[in-house]
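Q: Sequence:
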Amino acid sequence: MKQYTTISILTKMARETSNMKNKSSLRHDKSKIPRYRDPDTSYGSFLVYKRPHFEEFMKFCFERFEVGIWSSAREWHLNNTLDCIMRGMKNKLAVAWDQDKCTNSGFKTLEKKDKPIYLKELKKLGSLGFEHSSEVLLIDDRPYKTLLNPPHTAIFLNEYNVDQVNDTALGPNSELRLYLDGLAEAEDVPSYLKEYPFGQPAITPEHSDWEYYSRIIRRLKEE
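In terms of my numbering, the sequence shown has 209 at position 209, counting the first letter as 1, and numbering is strictly consecutive.
Just so you know, these hints were derived from the structure itself, not from any lab.
There's no promise every hint is true.
[As the list claims (entries may be wrong)] Quick list of simulated restraints, FRET-style, between CB atoms:
| hint | residue 1 | residue 2 | range |
| --- | --- | --- | --- |
| 1 | R219 | E187 | 21 to 27 angstroms |
| 2 | P150 | E211 | 19 to 25 angstroms |
| 3 | F62 | A186 | 16 to 22 angstroms |
| 4 | E187 | Y212 | 31 to 37 angstroms |
| 5 | K92 | A186 | 19 to 25 angstroms |
| 6 | K92 | N173 | 39 to 45 angstroms |
| 7 | N79 | L178 | 21 to 27 angstroms |
| 8 | K113 | D40 | 29 to 35 angstroms |
| 9 | L128 | A184 | 18 to 24 angstroms |
| 10 | T109 | P205 | 27 to 33 angstroms |
[Unchecked claim] In silico DSSO-like links for lysine-lysine, alpha-carbon gap of 27 angstroms or less:
| hint | residue 1 | residue 2 |
| --- | --- | --- |
| 11 | K113 | K101 |
| 12 | K194 | K50 |
| 13 | K59 | K108 |
| 14 | K113 | K194 |
| 15 | K112 | K194 |
| 16 | K92 | K113 |
| 17 | K221 | K123 |
| 18 | K123 | K194 |
| 19 | K112 | K90 |
| 20 | K113 | K221 |
| 21 | K124 | K90 |
| 22 | K59 | K113 |
| 23 | K123 | K90 |
| 24 | K124 | K59 |
| 25 | K112 | K101 |
| 26 | K112 | K59 |
| 27 | K108 | K90 |
| 28 | K123 | K92 |
| 29 | K115 | K194 |
| 30 | K90 | K59 |
| 31 | K108 | K221 |
| 32 | K90 | K113 |
| 33 | K101 | K59 |
| 34 | K101 | K124 |
| 35 | K92 | K115 |
| 36 | K115 | K59 |
| 37 | K112 | K50 |
Ideal Cβ positions, reconstructed from N, Cα and C, are used throughout, including at glycine.
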């Protein structure tokens with residue numbers, strides 16, 4: 001079954017100046033950037049670190065799925081990043097969506113009180129011809145971004161940090177690649193994810209912060 005996957009866990013951004021903030025990007029203060037690792041590329045004041053095995057993983061995905069990138073970063077930020085990391089591959093993306101395609105919940109994250117929670121609603125992919133969420137897998141590292149989506153339509157990897165130079169999450173024979181190989185042969189996404197859970201758990205009523213996240217769901221469903 002040819003399915004569609006959106007990915008947003010492949011890079012880490014870092015600002016060279018520690019006294020500036022960019023709410024739309026993943027970043028590290030300069031003091032936390034490992035001096036033993038050079039950035040893969042840069043633009044402006046941003047350093048870009050690819051997750052290890054990035055290129056091979058993207059080729060792996062393109063061979064099995066229609067692939068899109070969906071980021072909660074602003075348009076200019078996403079475009080600059082993709083220009084840096086996806087030379088020769090960017091034209092293969094079915095879509096490259098930025099913050100404008102996300103839903104601003106009006107709430108802030110529990111980890112960073114000044115960081116807005118942006119949601120990625122799968123129903124918006126209907127404009128691309130994907131009318132059923134059973135065809136789509138979202139890969140992210142923030143479970144709260146899928147609060148409004150049907151269950152079993154996303155998997156959540158652990159967050160990547162630039163000092164993890166030996167990270168193998170995207171590597172050959174990794175659990176993720178083996179998992180996606182199985183998905184490529186599955187009848188639909190939800191059935192496969194329900195039978196074979198992977199990564200961080202989704203946010204459900206059993207979550208320790210469900211009271212907070214359920215407020216977001218109720219607020220947005222009332223609108």
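Q: Hint by hint, which ones does this structure get wrong, listed from lowest number up?
A: The structure breaks hints 1, 6, 7, 10, 12, 13, 14, 15, 16, 19, 22, 26, 27, 29, 32, 35 and 36; every other hint is satisfied.
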